[in-house]
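S.K.: Sequence:
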Amino acid sequence: MSGVKEPIRIREKKLKGENISLYLDIYRNGRRKYEFLKLYLIPEKTKADKERNRQTLQLANAIKAKRIVELQNKAFGFEDGNSAKILFFDYYRKVWQEKTSKNSGTWRSWESALRHLMIYEGNEKITFSDITTEWVKGFRKYLDKEAVIRRFRATKYKESRPLSQNSKCAYFAKLRACIFQAYKDGVISDNPLRGVNRFSNAETTRMYLTIDEVKRLAQTDCTYPIVKKAFLFSCLTGLRRSDILDLTWGDVFQQGEFARIIFKQKKTRGQEYLDINLQAKELMGEPDAADCKVFSGIPSPYFINVVIRGWVKLAGIQKDITFHCARHTFATMMLDLGTDLFTVSKLLGHRNISTTQIYTKVLDKNKQKAIANIPDILSKE
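Quick note: the sequence shown uses my numbering, first residue 1, plus one each step.
Hints were generated in silico from the structure; no laboratory data involved.
Just to be clear, a hint being listed does not mean it is correct.
[Claimed, not checked] Mimicking EDC-like on lysine to aspartate or glutamate, the simulated pairs with C-alpha atoms at most 20 Å apart in a straight line are:
hint, residue 1, residue 2
1, Lys66, Glu35
2, Lys313, Asp212
3, Lys281, Asp251
4, Lys137, Glu121
5, Lys85, Glu111
6, Lys50, Asp25
7, Lys38, Asp25
8, Lys361, Asp336
9, Lys361, Asp340
10, Lys99, Glu272
11, Lys229, Asp246
12, Lys85, Asp185
13, Lys64, Asp25
14, Lys64, Glu111
15, Lys33, Glu18
16, Lys16, Glu44
17, Lys141, Asp130
18, Lys267, Asp251
19, Lys66, Asp190
20, Lys38, Glu18
21, Lys38, Glu272
22, Lys125, Glu111
23, Lys94, Glu70
24, Lys264, Asp251
25, Lys99, Asp246
26, Lys64, Glu35
Every value quoted in this text rests on a predicted model; they were computed, and no experiment measured them.
Model the full structure from these sequences, guided by the hints.
M.R.: Structural data, given as structure tokens:
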């Protein structure tokens, strides 16, 4: 049997520097694919280095043996034991609830993605053995060519329009997250996402208010005072609606001259330490018990935006402003006041500074200076 070719081999790829990346070269039925193991050999300069490399190779061989068994099972007509039993939609709901929390935009995005997945599939009882690469490609095509948003007016008139590019991107990303989690959990042994391109985000307009416009809003009455307080608080802190909604007095501490909010972001789950100024503290009102909400009675996302649009119009501001625009306002205000990009990124709780750099495009003072330097070409003198 020595002449039988191994279906899976451990290969090495030299990286920049001296480290070596290990990966599996898998060959079956005339097709080849690779699985990078995220395992690395290091230069053997000490006995400890040699021992580390020995353990790394031992782990790589264990993964290789597992993959060979999986490959043989499929070759003999056996399905992956987990994927044939676990219902896809049940698992999707489990991942959705673990990754997000209610009353957040991300929660609603997972919900909308599920609705489109069920329209596309139609069978609530499918298992992960049904989730093939062709199935994933089919869902991507459905989002791109067929999916629509349906809205019902008070008159029962139904309006339908195609999904926006960013909605396609968001909904497909939820499917990807679910499948990646299933792969990580061992529910599936092959990733059906391989070879399927994701959607790219379209650049969107980040509407914001100037400092003068925020001042004007602060001097204008709002039909719902709690909306006014929460919106202005977001303008002064950059907090999202979901985080303001969850904020309790137990999250608020005194840190020298500043009040400090210690909380976990709903969207990123990141632990944040945010100092706020006296104006923001004043908007919070009088302290209460630790488990009491700072801003209680905040309306639903749809209704709060209806209130804000009416309030903005009453203030004489001709912009389409939603609650999330308060976060954009905070970011652009910080940059306008000369705060460096790194600090703004930390204040917003961004994981990557590239996310914050978008605001430098929105408010680019260097461009304004360049335009201001254009000489007068219309004067007759």
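S.K.: Each of the hints needs a verdict: does it hold here or not?
M.R.: Verification of the hints:
1. Lys66 to Glu35: Distance ~13 Å between lysine 66 and glutamate 35 Cα, so the pair holds.
2. Lys313 to Asp212: Satisfied, since the Cα-Cα distance of roughly 15 Å is no more than 20 Å.
3. Lys281 to Asp251: holds, 13 Å
4. Lys137 to Glu121: With Cα atoms ~12 Å apart, lysine 137 and glutamate 121 stay inside 20 Å; holds.
5. Lys85 to Glu111: violated, 24 Å
6. Lys50 to Asp25: violated, 24 Å
7. Lys38 to Asp25: Between lysine 38 and aspartate 25 the Cα gap is close to 14 Å, so the pair holds against 20 Å.
8. Lys361 to Asp336: holds, 12 Å
9. Lys361 to Asp340: Answer holds: lysine 361 to aspartate 340 is near 14 Å, not above 20 Å.
10. Lys99 to Glu272: holds, 18 Å
11. Lys229 to Asp246: Holds - the C-alpha atoms of aspartate 246 and lysine 229 are around 15 Å apart, at most 20 Å.
12. Lys85 to Asp185: Roughly 14 Å between the alpha carbons, so the hint for lysine 85 and aspartate 185 holds.
13. Lys64 to Asp25: Satisfied, since the Cα-Cα distance of roughly 10 Å is no more than 20 Å.
14. Lys64 to Glu111: The hint is violated at about 38 Å.
15. Lys33 to Glu18: Violated, at roughly 25 Å.
16. Lys16 to Glu44: holds, 16 Å
17. Lys141 to Asp130: Distance of about 17 Å is within 20 Å: holds.
18. Lys267 to Asp251: holds, 17 Å
19. Lys66 to Asp190: Between lysine 66 and aspartate 190 the Cα gap is close to 13 Å, so the pair holds against 20 Å.
20. Lys38 to Glu18: Holds - the C-alpha atoms of glutamate 18 and lysine 38 are around 15 Å apart, at most 20 Å.
21. Lys38 to Glu272: Violated - the C-alpha atoms of glutamate 272 and lysine 38 are around 30 Å apart, more than 20 Å.
22. Lys125 to Glu111: holds, 18 Å
23. Lys94 to Glu70: At roughly 26 Å apart (the allowed maximum being 20 Å), glutamate 70 and lysine 94 break the hint.
24. Lys264 to Asp251: Judged against 20 Å, a Cα distance of about 10 Å means the pair holds.
25. Lys99 to Asp246: holds, 17 Å
26. Lys64 to Glu35: The given pair, whose Cα atoms are some 10 Å apart, holds under the 20 Å limit.
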